[in-house]
Every structure is written in C-alpha cells, then in structure tokens.
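Chains as they are written, first to last, in my numbering: chain A, 1 to 201; chain B, 1 to 201.
One or more hints might be untrue.
The list treats identical chains as one, so a pair stands whether inside a single copy or across any two.
[Said to hold, decoys possible] Okay, derived cross-link-like pairs now, SDA-like style, lysine to any residue, Cα gap no bigger than 20 Å in a straight line:
1) Lys68 with Ala24
2) Lys115 with Arg44
3) Lys68 with Val17
4) Lys68 with Gln158
5) Lys68 with Asp128
Since the hints were derived computationally from the structure, they do not count as laboratory data.
There are 2 protein chains.
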Amino acid sequence: MKARDSGGKPREYRMSVRAESAEATGERIVDAMLTRFADTPYERIRLDDVAADAGVAVQTVIRRFGGKPGLMTTVVERELGRIAAAREAAAQASVAATVEALVEHYEVYGALILKTYSEAPLVPGLVDLAARGRAYHVDWCRRTFEQHLDPSLDGATQRLRLAQIVAVCDATTWRILRADGGLTAAETTTALRAFLAPLLP
Amino acid sequence: MKARDSGGKPREYRMSVRAESAEATGERIVDAMLTRFADTPYERIRLDDVAADAGVAVQTVIRRFGGKPGLMTTVVERELGRIAAAREAAAQASVAATVEALVEHYEVYGALILKTYSEAPLVPGLVDLAARGRAYHVDWCRRTFEQHLDPSLDGATQRLRLAQIVAVCDATTWRILRADGGLTAAETTTALRAFLAPLLP
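Please build the complete structure, drawing on both the sequences and the hints.
Next comes the structure, spelled out in structure tokens:
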C-alpha cells in the first residue's frame, strides 16, 4: 500500500478525490441522459450514445445505474428536486408576482415536466415519480393560494376553486397558451392572471 | 368461372358480400387495436395479440394495414372522424349548453385523445395526425365561441381571449379537474363555465 500512496498526499485525501471524481462522472452521465431525453423519446434513447456523450464505457453506466430505467429515474429524481426548489422560490407574496414567476419557471422546466408525464408509463419506476410530481403541484397550489381564497366560501366551493387553480397553474395550460394560442410569455402571464383573478378576489 | 358461380346467386352479389365481409374484418381488426391501445402503451402492443382478438391471422393484419404503425394510424384516423362528428354535435347555441356537451364528450373520448397526443411521437405518421387533431380543436373553439366574444375588443385582446378559450376547452383541463381536482363531471362543467364566463360576457 505504501508504494501506491506515493506523492506525499495522505491516503484519506486521495480517497476523497476519488469519490469526488466518481460523483462528477455520475453527474455527467445523468446530464447526458437528460440532454438526450430533451429531444428523443425514451424508447429511442441508446445507452451506448449516452455513455459516449458522457465519455465513459457503457459498462460504467450499467454498473452505476443498473440500466436505462435506473438512469432515467435518477435523472427524474434529481430534476424533481431542482424543479421543487425553483417552484418554492416562485411562490411570492402576491398572486400577480407568483404567476409571473410560475411562467418563468415553465419557460425553463415546462417541456421537461410535460415530456416526463407523457412518457412515464413506458419507464419502470417512473409512474410513481410522476404521481409524486403531480401531488407536489397540487400541494404547492394549495400552500401558495389557499390564503388568498375567500374564507367565507363553503367547503365544496373552496374545493372547486382549488381544483380550478390547480388546472390554471398546470404546465399544460402554459403550453396550450404558448404553443396552440401563440401567446408570448408575457401574454401567457396576463392570461393566467385573468383566470385566477375571479377565483382569488 | 361457371362452376364457381354455382349456388344460383349472381356473381355481382357474391362479390359484394365478399367485400362487405372484408370490410367487417377490417373494422374488427381496428376495433381490436383500439381496445388494446386503451390500456396498453403503443410500444407494448403485440400485433399477434391484436390479430388473435380479431380472430384473424397476423398475416391478414399485415397484408391489410402494412404493420403496427399503419394499423395505429388507421385507428386514429377513424376515431378522429368520430371525435370531430361528436364535437360538431357538442356545439350548442348557448355557451353553458356547449360546455355541458363538451364535458360529456370528454367523458367518452378524453382519455383516448390524451393518450394519442402523448404517444404520437413514438408512432410513425401519428405526429401529423395529432397536429391535425389540435388544429381541429383550435378551429372548433374559434367557430363555436367567436360569435360570443365582445366585438368591441381590439385584435390583440380577441386573440388572447381565444387562446384562453382553447386552453379552458382542452381535454387536459377536463382531466386535471376530474383527476387531480377530484371533481365530478357536473362540478367540472361548473368549473369550465366559470372560466369562460368572464371571457364571453
């Protein structure tokens, strides 16, 4: 062992460098899968290409992630964490400011969110993660907007309003306004605010 | 030829029976594919199973439809026609009646519409059909609701309102209210009417 420790650095430090490098390799593989997923259906992604993009052997990918489904769920778990952090930051004091931040959020993450929901049934393990994502969205809407609901409304109406808010704030509504409606991000913000205004007077 | 025409029936009549039977077989295969597609991702559907469901040899399916993508696009073309016919019938004189008919329409076709959009990128030929479906939806919204828009609005606001109407009337909004919001069909109708009321005063 002495010979391998040559170079004057303590063994512990070298282990840490090795761990850091393994971590960086893992992140690079996850990044490569995320990039491929952005414009390729999951079923068409070849692990060989992902490995090549990350500059590793395909065996390295398999050893670390177990295969394509394992890598894909790792990608989605990491991105779900990032998306949730961004969504928490989007919740502002006023409804108007929150809607603007939400549209900015979807400009970055909307396409990824919708593609993940769309393809979840084809990826083992992804249906549960997608359901967790939807539950998070519903909970975020409740936490962000419940305080602005008219407290004199009966329970059934409150439940209806919250369901409407969840629908308005969905990534799909953003996509339809932007893509089918041909609206700009600013016009989309205006449209979403107009939807919420009568619900949160 | 004389011998084959035995049975006393004129040749023309027999041809027509044969054509009718071929037509019925084709419909049965399309029905079988549609049934499988209702609960199985396209990529997981085996043509052998579809053929067995329809009571024909897989070679018959391949001869008639060219293969799985050809059969799938035939299914979607047929259903698009049915969906468009049902949507035309859903357009009523009043906005309130139209919304109720639209929700009933989605109770029947909503799941199929959303699954088709979702899986279109995986099926050769289906992206174009899905785009045609979206264009039809946008056009239906314009034809059905434009007459109710305030004519004194400027062009930009009219465009914004139409984009909002397209989003409200999308199958996804119905699904989010029903599934994520846990609303009944009647409550969903109420929620959609509330969205449209300020847009179509």
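Right, here's what the structure says about each hint:
In this assembly of identical chains, lysine 68 and alanine 24 lie within 20 Å of each other by CA distance solely inside one copy; the values are 19 Å within and 42 Å between copies. In this homomeric assembly, lysine 115 and arginine 44 come within 20 Å of each other (Cα to Cα) both inside a single copy, at 14 Å, and across copies, at 19 Å. For the homomeric pair lysine 68 and valine 17, neither the shortest alpha-carbon distance inside one copy (27 Å) nor that between copies (52 Å) is at most 20 Å. Proximity of lysine 68 to glutamine 158 under the C-alpha cut-off of 20 Å is found in neither arrangement, the shortest distances being 43 Å within a copy and 47 Å between copies.
When the C-alpha separation of lysine 68 and aspartate 128 is checked against a cutoff of 20 Å, the pair qualifies only within one copy, where the shortest distance is 17 Å, while the shortest distance between copies is 29 Å.
Comparing the model with each earlier hint shows violations of hints 3, 4; every other hint is respected.
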